[in-house]
Amino acid sequence: MSATATITREEALARLAAIVGPEHARVEGDALRVEPADAEQVAGALSFAHECEVSVVPTGGGSKLAWGSPVAPEIFLALDRMHAVREHAWQDMTCTVEAGCTWAGMQRELAQHGQMVALDPLWPERATVGGVLATNDSGALRLRYGGLRDLVIGMTIVLADGTVAKSGGKVVKNVAGYDLHKLMTGSFGTLGVITEVNFRLHPVERDARTFSVVAQYATQLAGPLAALLHAQIGPSAVQLRTAAGQCALDVRLCARSECLDNHAEKLRSLFGGLAVEEADERVWQARQQLFAEPGAVVMKMSVLPAEVCTIADAVKESAVAKSIDASIVAQATGLMTAALAERGGAKSEDAAGLIETLRARLRPSGGSVAVMQMLDALRGRIDVWDCRSDALAMMREIKRRFDANRILSPGRFVGGI
Amino acid sequence: MLPQSQIDELRAAVGADGLITAESQLQTYECDGLTNFRVLPGAVALPRSTEEVRALVRICARHKIPFVSRGAGTGLSGGALPAAGGVVVSLARMNRILEVDIANRFVVVEPGVINAHVSQRVAGDGYFYAPDPSSQSVCTIGGNVAENSGGAHCLKYGFTVTHTLALEVVLPSSELAHFGAKTLDAPGYDLAGVFVGSEGTLGIATKITLRIVRRPEMVQTLLAAFATPSAAGQTVSDIIAAGMLPAALEIMDTLAIEAAEAAVHAHYPKCGGLLLVELDGACDEVEILMREVRAIAEKNGAAEIRVAQSEAERALIWKGRKAAFAAVGRISPNYIVQDGVIPRTALPRVLSDIERMSSAVQLRVANVFHAGDGNLHPLVLYDREIAGQEEIALDLSYRILNLCVDNGGSITGEHGVGKEKQQALGYMFAEPDLATMQLVRCAFDPEGLSNPDKVFPRPRLCADKPGPYEPHPLEKAGVAEIF
Numbered sequence: 001m002s003a004t005a006t007i008t009r010e011e012a013l014a015r016l017a018a019i020v021g022p023e024h025a026r027v028e029g030d031a032l033r034v035e036p037a038d039a040e041q042v043a044g045a046l047s048f049a050h051e052c053e054v055s056v057v058p059t060g061g062g063s064k065l066a067w068g069s070p071v072a073p074e075i076f077l078a079l080d081r082m083h084a085v086r087e088h089a090w091q092d093m094t095c096t097v098e099a100g101c102t103w104a105g106m107q108r109e110l111a112q113h114g115q116m117v118a119l120d121p122l123w124p125e126r127a128t129v130g131g132v133l134a135t136n137d138s139g140a141l142r143l144r145y146g147g148l149r150d151l152v153i154g155m156t157i158v159l160a161d162g163t164v165a166k167s168g169g170k171v172v173k174n175v176a177g178y179d180l181h182k183l184m185t186g187s188f189g190t191l192g193v194i195t196e197v198n199f200r201l202h203p204v205e206r207d208a209r210t211f212s213v214v215a216q217y218a219t220q221l222a223g224p225l226a227a228l229l230h231a232q233i234g235p236s237a238v239q240l241r242t243a244a245g246q247c248a249l250d251v252r253l254c255a256r257s258e259c260l261d262n263h264a265e266k267l268r269s270l271f272g273g274l275a276v277e278e279a280d281e282r283v284w285q286a287r288q289q290l291f292a293e294p295g296a297v298v299m300k301m302s303v304l305p306a307e308v309c310t311i312a313d314a315v316k317e318s319a320v321a322k323s324i325d326a327s328i329v330a331q332a333t334g335l336m337t338a339a340l341a342e343r344g345g346a347k348s349e350d351a352a353g354l355i356e357t358l359r360a361r362l363r364p365s366g367g368s369v370a371v372m373q374m375l376d377a378l379r380g381r382i383d384v385w386d387c388r389s390d391a392l393a394m395m396r397e398i399k400r401r402f403d404a405n406r407i408l409s410p411g412r413f414v415g416g417i
Numbered sequence: 418m419l420p421q422s423q424i425d426e427l428r429a430a431v432g433a434d435g436l437i438t439a440e441s442q443l444q445t446y447e448c449d450g451l452t453n454f455r456v457l458p459g460a461v462a463l464p465r466s467t468e469e470v471r472a473l474v475r476i477c478a479r480h481k482i483p484f485v486s487r488g489a490g491t492g493l494s495g496g497a498l499p500a501a502g503g504v505v506v507s508l509a510r511m512n513r514i515l516e517v518d519i520a521n522r523f524v525v526v527e528p529g530v531i532n533a534h535v536s537q538r539v540a541g542d543g544y545f546y547a548p549d550p551s552s553q554s555v556c557t558i559g560g561n562v563a564e565n566s567g568g569a570h571c572l573k574y575g576f577t578v579t580h581t582l583a584l585e586v587v588l589p590s591s592e593l594a595h596f597g598a599k600t601l602d603a604p605g606y607d608l609a610g611v612f613v614g615s616e617g618t619l620g621i622a623t624k625i626t627l628r629i630v631r632r633p634e635m636v637q638t639l640l641a642a643f644a645t646p647s648a649a650g651q652t653v654s655d656i657i658a659a660g661m662l663p664a665a666l667e668i669m670d671t672l673a674i675e676a677a678e679a680a681v682h683a684h685y686p687k688c689g690g691l692l693l694v695e696l697d698g699a700c701d702e703v704e705i706l707m708r709e710v711r712a713i714a715e716k717n718g719a720a721e722i723r724v725a726q727s728e729a730e731r732a733l734i735w736k737g738r739k740a741a742f743a744a745v746g747r748i749s750p751n752y753i754v755q756d757g758v759i760p761r762t763a764l765p766r767v768l769s770d771i772e773r774m775s776s777a778v779q780l781r782v783a784n785v786f787h788a789g790d791g792n793l794h795p796l797v798l799y800d801r802e803i804a805g806q807e808e809i810a811l812d813l814s815y816r817i818l819n820l821c822v823d824n825g826g827s828i829t830g831e832h833g834v835g836k837e838k839q840q841a842l843g844y845m846f847a848e849p850d851l852a853t854m855q856l857v858r859c860a861f862d863p864e865g866l867s868n869p870d871k872v873f874p875r876p877r878l879c880a881d882k883p884g885p886y887e888p889h890p891l892e893k894a895g896v897a898e899i900f
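Here the protein sequences come in this chain order: D and E. Going by our numbering, 106 is the number at position 106 of the first sequence; the sequence numbering is gapless. Convert by adding 417 to the 1-based position in the second sequence; the result is the number in our numbering.
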């Protein structure tokens, strides 16, 4: 345990084992790993940590554990034992899922009644519901269905002091009380531990086809992209992919099968001389592949939707000048994921410089760049979040009220929260 | 009442024409759409800018004067009910649309902008602002943000929070803060998401960035007449089960139809349960789906099916629906509008329970539902002149809310908790839930000045610790009871 802790590791292990059972608490590396079975055990473990002032990081599949500023906690609270789909009220199109359920596992159960949570996060086979929520991840489907703010209708959380609280409910339309679940979404485990989530559901996209258009520069696609979003064919997903040399725009059309040919025809007409080819569904994995590039810094950029193509080209251009390979997958909503990989000759300060230049460019329009996958060489050189919001003081005050002893993921989030 | 020195400070902040203190004029502000609660404010201030709002809030913070922000005062839960002797901050004069960005699909507005004006402003470009509360021709965006307003079309398009990208907020300390951004997922907690729907208890929004939506190529509206609301409800479930997401699905029962007919002559068929289905989207797809809807309605025994043949016919259908609350005044001297939510599938069970409960106390209940999302608006009809009937009607309306909670639903789908449903919130949420929500309140407003004594079932101080429920000293002494 750290210098501030009031308890030895052996004592802590014994106390935690008494709460979750000895087979579910153990030493792992420099930390303890504790696996609670339910919200009550989560509350027990947190009360203990709160009282003894030892730090806790909640974890599910561990796929995004490195996101945010680094934390070396004394306890990892692993929620993988809490993995049940508790209820699928398919006629009401809602479900209740435990936080440790993997995203894909949940979707497989919901698919039995032709339904889904309409969100396509990274690594669905590994990522858990709680982790996806805590990091507010989302993919290309966000264009049609919105983000987690629009899909989560209720939540159970455990606060640092062991209080178990619910917000929202099991109905989609509900304005009773504050929406604590919106505060928790994207809070990176700094305010409480999510133990259960209620979602609104959508029908699985039965009749969908994907098309791709290739161009040399993203800016060549800007006009057609704007026309596509204005056209009356309502794509369910649109993404721009750029890598060395060329770029492509992928469009997923989803409509009644009788209409798909007609919509595909309309789509083709928007692209002038560029060829619109039917593409494999696997193109939608492109965002995930960016994280697999060895030695790459991966960032999440928020830009205005109409600037997606211009920014993509600009990133590529400045990367080339610094001998960096830049690959980008951008959603039509303005959320971009970019991987920067150094080639021979490039230095890590070049990548840091590129990120700072980008931040300066995006800031005036409210845009931002957060670094998700960091290189060790860059640590300390660059702020992961770069949050300059005048709301930071309020965020700190909320953190203080929720977690006075700063035990939950301390330092991981914006402004050292 | 406010001391003269504080009145002078307030007047200096907003100018002589921006402050109302004469009692006759203050009476205009003593209630909102929930008219059976009335409180006279100490003063009403009408700021013209964010700076003036900050100046007002600074004065309130310094002297610990409670303040209540107000838009058009159309809210139905008493959210804009003044605090006794406090300041009402009316945002009516901050009514400019500041920015329209069609390429990025957003607008920036001041809080006093009327909901329908946003859609009107972008209609020429083929866009609209989706949330459409029935009061949309007069209610303001600031009020919509406070209440997280919905409307008939939120089944498909979502609520105010779905369409709020960013907020400029004057905090109860008078500090200015910006939540969210014109881009998605700005780093930090989603304070815009929490602020929307907080019913004026976390500060005053002075600029709002709203998402606008492409106007669909085609809109078709169908009316189907059924023998009972439950048959109409089954049709709704079948439409959803077929994988459709209509723009709106509304049900009215016999009494509501009768009232709407009396008020606006919408030419509704006479029946036990009237279903309104609106589909929108690409022409070819809407036509295919409308055929499916028709088949489902026929299968469930619809006696009559009509599709609006013109925009005028469609508008008339909606006029009848949107006028339904007010129209009930034609068939009853007084009535209470309620707003509960249930899981869609509980509809038949809940309807028969409401019928049983209302006949037990010999009162009539008219029912209007946003059926697609299980949002019920039972209208309890009564006559204030008959001694004791108002109390019975109020009691019935609260018991209907409890019934919604017992069926896995909520005490409010769009009207908010406000003053009216504070105790009902305590029925829906347990003490630790409320104590946790209170942590947010205390972070924003430790002095409890912004719309005090609303939403939460009992007043509490920010020094209170969350944890197991402890009775209030008054409760222990048997002086008061917490329901």
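I should point out that these hints are in silico values taken from the structure, not numbers from a laboratory. In this text the structure is predicted, and so the values were computed from the model without any measurement. Be aware that one or more of the hints could be misleading.
[What the hints assert, rightly or not] Derived contacts from chain D toward chain E, CB cut-off under 8 angstroms, selection only:
(1) L183
(2) P294
(3) E397
Backbone N, C-alpha and C fix where the C-beta goes; we use that ideal spot for every residue, glycine too.
The hints, checked one at a time:
Hint status for D:L183: holds, given a least beta-carbon distance of 5 angstroms to chain E, under 8 angstroms. Among the interface hints, the one on D:P294 is violated; its C-beta lies about 26 angstroms from the nearest C-beta in chain E, farther than the 8 angstroms criterion. With a cut of 8 angstroms, the hint placing D:E397 at the interface with chain E holds, because the nearest CB-to-CB distance is about 4 angstroms.
Of the numbered hints given earlier, the model fails hint 2 alone.
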